[in-house]
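Chains as they are written, first to last, in the numbering used here: chain V, 1 to 22; chain B, 1 to 383.
Keep in mind that the hints were calculated from the coordinates and are not lab data.
You may find that some hints are simply not true.
[Stated by the list, open to error] If the Cβ cut is set under 7 angstroms, some of the chain V residues that face chain B in the computed set are:
1. A8
2. S10
3. E17
[Claimed, not checked] Simulated restraints on C-beta separations:
4. V:I3 - B:K45: 46 to 52 angstroms
5. V:R6 - B:R163: 40 to 46 angstroms
6. V:R6 - B:G263: 20 to 26 angstroms
7. B:D153 - V:I3: 41 to 47 angstroms
8. V:R6 - B:P235: 20 to 26 angstroms
9. B:G236 - V:I3: 27 to 33 angstroms
10. V:E17 - B:H46: 46 to 52 angstroms
11. B:G194 - V:R6: 17 to 23 angstroms
12. B:E116 - V:T9: 48 to 54 angstroms
13. B:R35 - V:T9: 42 to 48 angstroms
Glycine included, every Cβ here is placed at the ideal spot set by N, Cα and C.
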Amino acid sequence: MKILDRLATSGTPVVMELIATH
Amino acid sequence: MRSRPFPWRARYQQRFAAPQTVVVQPTTWCNLDCRYCYLPFRKLKHQMPLEVAEALAQAVAQFDDSGHPIGIVWHGGEPLAVGQQKFAALLAPFEALRRAGRVHHYVQTNATLITETWCDLLAAYDVRVGVSIDGPAALNAERVDLRGKPTFDRILRGISQLRENGIPFSVISVVGTLGIAMPEELLEFLTSLGGHSVGFNIEEIEGVNTDRQPPTAVQAEEFWRRTLTWAREHPGAPAVREVERLAEYLQLIRSGQRAEWDGRRLDPIPTVSWKGDVVLLSPELADTAAPEYGDFVAGNILDRPLPEILRDAHRLRYVRDFLTGLDRCQAECEFFDFCRGAQAANRYFENGDLTTTETNYCRVSRQALVRALSTLATKEAVA
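Build the full structure now, drawing on both the sequences and the hints.
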């Protein structure tokens, strides 16, 4: 799986919190 | 029967939108002599004649009204070095457009010349201000004046004037081999200045800045990892421009708005030099001697209206080479979906060829940021 696809489906707190800042 | 090749005009229109930004060079001269500066003519005192500003305002008036104001970005040299009277005279031809909401002025300044009366002028024309400052004094040491003296105190005085006069501003920091190892110190300082956002330009090899060693991809990944961590621990702090762009990308992709992201085309970013020459794709290509590409000059707005120059952009060899490079990026690079393959200047200055793909800029500013977030996410997933 490509790195961007992994981030686009990651449910980890660091990713979720980053998106929440937008 | 041979199929006809995809015509260049269609290829250009597939990749590029109408310009939303026009970069303008009111003067070549700068009162500073930053050690990493890429501008070749920053010690020459050319100033833009009023007729060039008038021709540009007439051209912008002919742009289709997209509903969003066109950003007129006064760059340089140091744009404030022309003085208040000349700067106001250069803004005057745009005034009807500004009042109609068709344009918005921006200025990217080193802030050393800002006074209360400058603030009055900036407020009168609703100019949005970007300040170039690299960090606290020790990390701002590359920003020196023409005598090699530090400029840190003068920059802070200018920022104080902006704050005292209620002028909003953003901050851009060039990150070199010292700052790349000290993101927390940079962030603590830069976010305390009172700006609404912070942008990090990791030092690049371009223009006449060719001898210095830029930060590596490994250093950059560490920098972004610690930046992401710091931003997470300081949720009320001003946004970090690059982190915000990654957040926006992921938010759109994850919320089913891929079409909106995919529909965003590149801005050709016409850059208008002091004498009216137009360079497309990257402001850093202006004033570059490149005989194979006609010095990147697409035309002069005193000879030909800017909309016509833009209409023929697909005929330029360097634009065609860049389109070929973009196609290759899309085919070969796993980061393309986020990166979108811009940055023509880096391809040229690093690789000497716009048909090439990966640059150090890609590695340190786009890929390293994505890898840093991926590393943090992986650590959390296995914890």
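Right, here's what the structure says about each hint:
1. Checking V:A8 against chain B: minimum C-beta separation of about 5 angstroms stays under 7 angstroms; hint holds.
2. Interface restraint check for V:S10: the shortest CB-CB distance to chain B comes to about 5 angstroms, inside 7 angstroms, so the restraint holds.
3. With its C-beta approaching chain B no nearer than about 6 angstroms, V:E17 sits inside the 7 angstroms limit, and its interface hint holds.
4. A hinted range of 46 to 52 angstroms for the beta carbons of V:I3 and B:K45 is consistent with their spacing of about 48 angstroms.
5. Separated by about 42 angstroms at the C-beta atoms, V:R6 and B:R163 satisfy the suggested range of 40 to 46 angstroms.
6. In this structure the hint that V:R6 and B:G263 lie 20 to 26 angstroms apart at CB holds, the actual value being about 24 angstroms.
7. About 43 angstroms separates the C-beta atoms of B:D153 and V:I3, a value consistent with the hinted range of 41 to 47 angstroms.
8. Distance hint check: the CB atoms of V:R6 and B:P235 are about 24 angstroms apart, consistent with the given range 20 to 26 angstroms.
9. Look at B:G236 against V:I3: about 30 angstroms separates their beta carbons, and that is inside 27 to 33 angstroms.
10. In this structure, V:E17 and B:H46 meet the distance hint of 46 to 52 angstroms, their C-beta atoms being roughly 48 angstroms apart.
11. Take B:G194 and V:R6: their Cβ atoms lie about 37 angstroms apart, and the range 17 to 23 angstroms is violated.
12. For B:E116 paired with V:T9, a C-beta distance near 53 angstroms keeps the hint of 48 to 54 angstroms intact.
13. Separation of B:R35 from V:T9 is about 44 angstroms and conforms to the stated range, judged on CB atoms against 42 to 48 angstroms.
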